[in-house]
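Colleague: Make a model of the complete structure from these sequences and hints.
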Amino acid sequence: MSLSIRNRVLAGVLPWILPVVLLLAWQTGAQLGWITARVLPAPTDVVAAGWRLTVSGELWFHLKSSFERAAVGFVIGGGIGLALGFATGLSRWLSLLLDSTLQMVRNIPHLALIPLVILWFGIDETAKIFLVALGSVFPIYLNTYHGIRNVDPQLLEMARSYGVKGFALFWHVVLPGALPSILVGVRFALGFMWLTLIVSETISATDGIGYLAMDAREFMQTDVVLVAILLYAVLGKLADLCAKGLELWWLRWHPAYQRGEGV
Amino acid sequence: MTEQSTSWGVGIRARNLQRHFGNLTVLKGLDLDIRAGESLVIIGRSGCGKSTLLRLLAGLDQPDGGQLEFTGETSGTSDHSVRMMYQEPRLLPWKTVIGNVEIGKVESARAKFALHEVELDSKARHWPASLSGGQKQRVALARALAHRPELLLLDEPLGALDALTRSTMHRLIENLWQEHGFTLVMVTHDVSEAVMLADRVIVLDGGAIGLDVSIRLPRPRVATDPAFVGYEARLLEYLTGVPAEAPDETVSKHKRATLLPESGYLAISN
Ligand SMILES: Nc1ncnc2c1ncn2[C@@H]1O[C@H](COP(=O)(O)OP(=O)(O)O)[C@@H](O)[C@H]1O
Ligand SMILES: [Mg+2]
Chain D
1 MSLSIRNRVL AGVLPWILPV VLLLAWQTGA QLGWITARVL PAPTDVVAAG
51 WRLTVSGELW FHLKSSFERA AVGFVIGGGI GLALGFATGL SRWLSLLLDS
101 TLQMVRNIPH LALIPLVILW FGIDETAKIF LVALGSVFPI YLNTYHGIRN
151 VDPQLLEMAR SYGVKGFALF WHVVLPGALP SILVGVRFAL GFMWLTLIVS
201 ETISATDGIG YLAMDAREFM QTDVVLVAIL LYAVLGKLAD LCAKGLELWW
251 LRWHPAYQRG EGV
Chain G
264 MTEQSTSWGV GIRARNLQRH FGNLTVLKGL DLDIRAGESL VIIGRSGCGK
314 STLLRLLAGL DQPDGGQLEF TGETSGTSDH SVRMMYQEPR LLPWKTVIGN
364 VEIGKVESAR AKFALHEVEL DSKARHWPAS LSGGQKQRVA LARALAHRPE
414 LLLLDEPLGA LDALTRSTMH RLIENLWQEH GFTLVMVTHD VSEAVMLADR
464 VIVLDGGAIG LDVSIRLPRP RVATDPAFVG YEARLLEYLT GVPAEAPDET
514 VSKHKRATLL PESGYLAISN
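Chains D and G, in that order, give the protein sequences.
Read in the working numbering, the first sequence has 243 at position 243, and its numbers run on one by one without any break.
Numbers in the working numbering are just positions in the second sequence, counted from 1, shifted up by 263.
Worth flagging that the hints you see were computed from the coordinates, not collected in a lab.
These numbers come from a predicted model, not from an experiment.
Heads up, a few of these hints could be off.
Below, simulated BS3-like cross-link-like pairs (lysine-lysine); rule was C-alpha separation at most 25 Å, straight line [unchecked claim]: (1) G:358 / D:165; (2) G:375 / D:165; (3) G:368 / D:165; (4) D:244 / G:358; (5) D:237 / D:64.
Chain G side only, calculated, beta carbon under 10 Å to chain D, not exhaustive [stated by the list, open to error]: (6) 323; (7) 326; (8) 349; (9) 353; (10) 355; (11) 358; (12) 359; (13) 410; (14) 432.
Glycine residues also receive a C-beta, built at the ideal position from the N, C-alpha and C atoms.
Modeller: Here you go:
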């Protein structure tokens with residue numbers, strides 16, 4: 001009994017030991033001058049830089065730009081991926097027409113298109129949104145297609161024999177059946193979205209977190225660079241939590257997310 | 264016997280029904296008449312084509328030859344309410360129990376009543392994943408009942424359930440059949456279940472009807488009734504090809520002597 005409590009406390013504490021030790025070592029090293037501030041400023045300096053940017057409003061300004069880019073790109077790319085997935089998943093003919101081409105195109109890493117995208121759109125907003133959208137299309141397309149194709153045929157047969165057809169069949173049977181897979185696609189797409197955003201903002205921008213980092217690099221403000229990196233990490237985590245939240249709500253019927261009682 | 268009116272159920276007339284899968288002939292010229300409101304149980308060895316026949320009756324598949332038509336008083340309307348219950352409950356896991364019963368544009372009051380009929384009112388707002396196997400099949404039964412079927416087809420719906428749950432389900436199905444008056448066609452591999460529920464048992468054999476036995480026992484039936492045991496023995500004997508060992512020789516002889524003429528089974532094995 002007491003042993004199990006001790007084990008539980010230990011299990012709660014253990015994962016934190018290494019980060020805390022590293023953080024302390026970093027702080028001590030920086031304070032004692034073993035690590036120069038150019039390479040790695042002390043954690044307290046990073047926090048201070050973050051606070052300074054927050055107070056001056058700069059942080060929110062760049063955050064907003066990045067967030068808008070990410071959201072617009074994701075909605076466009078995700079929407080296209082979803083539409084294509086529905087089309088090929090629901091129609092055998094469209095699947096024959098489109099799927100092999102899409103499978104081929106998806107093998108091109110979208111970041112490899114950057115030079116081409118710059119040639120097409122220059123280095124303005126459109127180029128970044130285009131890249132983010134491109135990064136979100138395929139994870140969502142693939143998982144939507146896969147999800148629809150793998151809806152339990154027995155359930156489809158049952159629903160049809162109970163007179164469910166057309167849009168009702170799609171809405172009540174096909175879509176919910178494909179949803180777990182679609183949400184996996186959403187999570188992958190969110191990951192790609194941040195990655196693409198970081199790369200495209202680092203290449204060229206006049207605002208956004210990537211710009212914040214590149215601008216700080218020119219003035220050798222390593223602490224601000226670290227703030228920008230942390231911001232990306234936090235935003236990535238937030239996006240993932242949102243996706244998880246959606247799963248918890250939309251898949252609450254799923255045994256893996258279940259607590260017994262219904263709605 | 265069956266007291267319910269035959270006005271609700273629909274009958275079936277099948278002539279020379281055929282069904283092939285590649286060069287495997289599953290049904291070769293099957294003739295079958297089912298009275299409106301009758302309770303017919305189909306048994307037979309595994310893989311003999313019971314599900315295949317039921318899917319034809321349900322209209323899920325089309326026969327490769329022969330005729331299949333509905334008969335009876337309501338046969339004037341072309342759109343018959345034929346509902347099938349499968350071995351698996353086939354509930355939509357993302358809909359609550361009541362949501363599942365409402366599938367196919369069923370009014371919520373009727374769905375509630377159907378759920379009440381299978382004694383699952385209390386589970387209306389639960390997810391299917393939280394139900395036991397027997398409860399899931401009862402929801403599937405409620406879903407079928409909510410459509411007021413004229414013909415209810417059951418394909419080994421109790422195969423996966425334990426003995427106690429099965430016998431509860433037998434009573435439930437029998438009561439609902441008597442109240443609603445639909446035509447009941449059920450597939451089972453359990454001879455005792457067949458004798459419990461059937462007005463008539465047919466044994467599918469070699470792609471046609473091998474044995475056709477009317478079960479003339481009053482309802483509710485008791486599995487320990489000697490006449491009940493006699494029917495069971497008769498069916499088992501046909502299925503296994505071995506004369507059934509009766510526990511008491513004298514009872515057995517007596518039973519078989521009386522059973523043969525009165526049960527009126529006829530073998531139309533090809
Ligand atoms: N869709 C199908 N395609 C090919 N063969 C099938 C199909 N459905 C059933 N069969 C075959 O037909 C035979 C009868 O099957 P079935 O009617 O399911 O038997 P059961 O009496 O056990 O329900 C089996 O040999 C089975 O393998
Ligand atoms: Mg079967």
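Colleague: All the hints need checking, so say for each whether the structure fits it.
Modeller: Going down the list of hints, with the structure as the test:
1. Between the alpha carbons of residue 358 (chain G) and residue 165 (chain D) the distance comes to roughly 17 Å, so the proposed pair stays at or under 25 Å and holds.
2. Proposed proximity of residue 375 (chain G) and residue 165 (chain D) is supported: the alpha carbons are some 23 Å apart, at most 25 Å.
3. Simply put, residue 368 (chain G) and residue 165 (chain D) have alpha-carbon atoms about 11 Å apart, close enough for the 25 Å limit, and the pair holds.
4. Annotation: proposed proximity of residue 244 (chain D) to residue 358 (chain G) holds, straight-line Cα distance about 20 Å (limit 25 Å).
5. Simply put, residue 237 (chain D) and residue 64 (chain D) have alpha-carbon atoms about 17 Å apart, close enough for the 25 Å limit, and the pair holds.
6. Hint status for residue 323 (chain G) relative to chain D: holds, with the closest Cβ pair at about 6 Å, below 10 Å.
7. Of the supplied interface hints, the one on residue 326 (chain G) is violated, with its beta-carbon coming no nearer than about 17 Å to a beta-carbon of chain D, more than 10 Å.
8. Hint status for residue 349 (chain G) relative to chain D: holds, with the closest Cβ pair at about 7 Å, below 10 Å.
9. Taken as an interface hint, residue 353 (chain G) checks out: its beta carbon lies about 4 Å from the nearest beta carbon of chain D, inside 10 Å.
10. For residue 355 (chain G), the interface hint holds, the least distance from its beta-carbon to any beta-carbon of chain D being 6 Å, beneath 10 Å.
11. Hint status for residue 358 (chain G) relative to chain D: holds, with the closest Cβ pair at about 7 Å, below 10 Å.
12. With its C-beta approaching chain D no nearer than about 4 Å, residue 359 (chain G) sits inside the 10 Å limit, and its interface hint holds.
13. Because the beta carbon of residue 410 (chain G) sits about 7 Å from the nearest beta carbon in chain D, less than 10 Å, this interface hint is met.
14. With a least beta-carbon distance of about 19 Å to chain D, the hint placing residue 432 (chain G) at the interface is violated under the 10 Å criterion.
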